[in-house]
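**Student:** In the order they appear, the protein sequences are chains U and G.
So in my numbering, spot 303 of the first sequence is number 303, and the numbers just go up one at a time.
So in my numbering, spot 74 of the second sequence is number 1074, and the numbers just go up one at a time.
These are computed hints drawn from the structure, not numbers from a lab.
Careful: at least some of the hints might be erroneous.
What the hints assert, rightly or not - Chain G is nowhere near these chain U residues, computed Cβ spacing over 12 angstroms in every case:
no.: 1; residue: A132
no.: 2; residue: V241
no.: 3; residue: F309
Claimed, not checked - Which bits of chain G does chain U cover? Going by a derived footprint, with three or more residues having C-beta under 8 angstroms, they are:
no.: 4; stretch: 1040 to 1054
no.: 5; stretch: 1113 to 1123
no.: 6; stretch: 1177 to 1187
In this text the structure is predicted, and so the values were computed from the model without any measurement.
By construction, the Cβ of each residue, glycine as well, lies at the ideal position given by its N, Cα and C atoms.
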Amino acid sequence: MIDRRIQVRRGVEAVLAAGIPAAGILASASAAFAQGDAAVASAAAEKDAWIDPARVPLLVALIVACGLIVAAIALARSGVPLKIRKLAALDAVDEAVGRATEMGRSVLFVPGIQDMNDVQTVAGITVLGPVAKTAAEYDARLEVPTSRSLVMVAARETVQAAHFAAGRPETYNEGNITYITDEQFAYVSAVVGRMVREKPAACFYMGAFYAESLLFAENGNSIGAIQIAGTAEPSQLPFFVAACDYTLIGEEFFAASAYLSGERDQLGSIKGQDFVKLAVAGVILAGVALATVAAVAPDGGAASLFRSFQSALGG
Amino acid sequence: MLQRTIPIAILSISGIVLVLAYFSPFTQSWGEQAVDWFNIIAGIAYILGGGNLLRVNLEKISAQRPGWAYAAITVAAFVAMLGFGLLKLGAVPSEKYPDVHFAGDYESNSAPYGWMYWNVISPLGATMFAMLAFYVASAAFRAFRAKNLESVLLLGTAFIVLLSATAAGAYLTGWIPADSAVGFMRAERLRTMITEVVQTAGMRAIGIGIAIGVVALSVRLILGIDRSYLSKDGGAA
C-alpha cells in the first residue's frame, strides 16, 4: 500500500514537472487512488470470504452427491440387499492371475505415470490391493514398475498389506516393486523392454495414462498377455478398448477396488454412485425439457423458469 | 492401532482441507500448505526411488544377470545426470552473479546437464513417441474389423470422419448442395455432426461418470472405509 502511494505521488510530481495543469492532474490522481483503494479492499474482502459465491452451486451438488453416497453406505450397513452389476473386467482378474500362475510367468501391474496427488493413481493403487491379494493367494509373482518414487512407496505398502491379508507375508518381496524414472518415454521403454523380455502372462494398466497407453497395450497384445486396463483419461480409453481384453471405463475404474473388496460398506458406495447418477440424469432431463419448452415459447413462464434453472446450476 | 489411525487421520484431514480450500477463499492458504507438504514428502521419497534404482541395477551388474550391460548404462547415466544436475558441473555462469558457481544455468545446451538432456534424452523420447504411429495403425487394423454390428458402426463412423478430414471427402460429396434437404450428407457436415453431437454426448456421459466416481472414491478414503493402501495390521482386505 505504501509503495502504491509513493508511486502515485511520484507520478503526479513528474506530470507537474512537465508543466501540465496541476488541478486536473491531482483530481485524476486522487480518483485513480480512490478507485485503486476500493479494488484492493474488494480483493481483500473476497480473499477473506468464507465461501466463493461462484462455487456455491457446485458445493450444493457435492453435498447432495456425498449425502447420497453416505446414505447408500448406511443402507448397505443396515443389511438392505444390494444388487451390483457384474463387471467382466474385474471378474477376469482371477482368471488372468490364475493363467499367469499356470504358465509360470509374472503378472505386471502399471499404476499410470502420475504421482499420488492424482486421483487416478490413488484409484490404481486401491485396485492394486485386491490384485496383489489374488496374486499372493495363487503364489504368482507380481511386478509393479513405477514412474514416481512416492507411488513406489505406496505400492509397497499396499502389496505388503495384501500379502498379510492373504496369510502369506513370507512371500512378499519388495524388490518386485521398483522405481524406474519420472521421464515419460524412458519409463515406457523400460517397461516395454521388460514386457518383451519376460513376457508376463497378465498385464494390468490402472491409473493415469497419456501417449504411452497404446505403447503398453500393443506390446502386451503382441506377447499374448491377458490385458485389463482402467483409466479416467477419455482420450486414452479408445486405445485401451482397441488393444486390451477388458477395459474399465471412467466410473467403473473408481468403483473397481470397492467391487473387488466385496465389503458391504464399499459396495454400498457403488450403489450410492448409481443414486447420484440417477439424480444427475433427472436434472439433465429437466433441463432438456425446460430448454425445449423455452425455445418453443420464449416469452412464456417456462423460459423464465429455464433461466432460473440455469442460474441455479451456475450457468 | 496407530498404524491404522494416523494414516487415515492424515488422509482425512488433507482431503477435507483441500475440499474446503476449493470452496472457501479464506482457507485457500491451508490447501496451498497441504500441497507444499505433499511436495516435501515427494522430494524425500525421491531419495528412496533413486536408492532403489541404484540397488536393483547394481545387484544385476554384480550377479551378471542377462542384460547387466543395460543396467551398467542406466547406473552410469543416472550418476552422471545426478552429478551434473546437483553440482551444476560445467554450468554457464550467471550474468548477474558470475562469481557464484551455483547461480549458473545448468539447463543450457552449453552445460553438460542441458546437453545430455537436449541431445540424448529428448531425441530418445521423441523416437518412442514417433513409434506410436505404427502402433496406432496396428490397433486400428484390429479395431476396425467388421465382426459384429457394433464394430460395423465403429468402422462406418471412423470411415466418415477420416474421409472428411481429407480432400477426397470434399471431392466426393462437394456436389451435394449445402442448403438442400440432403445437405447434411456432405462429408464436413457429417463429421461435424459425429464429433460435436454423438461424440460430445458420449464424452460428457463418461465425464459425469468419472466425476461421480471420484466423489465416491474420495468419500470411501476420507471416511476410512477403503483401507487397502495400509500395510500390515492397518490393511483391511
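**Student:** The structure should be examined with respect to each hint, and the outcome stated for every one.
**Tutor:** Now for the hints, and whether the structure bears them out:
no. : hint         : verdict
1   : A132         : 9 angstroms, violated
2   : V241         : 8 angstroms, violated
3   : F309         : 18 angstroms, holds
4   : 1040 to 1054 : holds (count 10)
5   : 1113 to 1123 : violated (count 1)
6   : 1177 to 1187 : violated (count 0)
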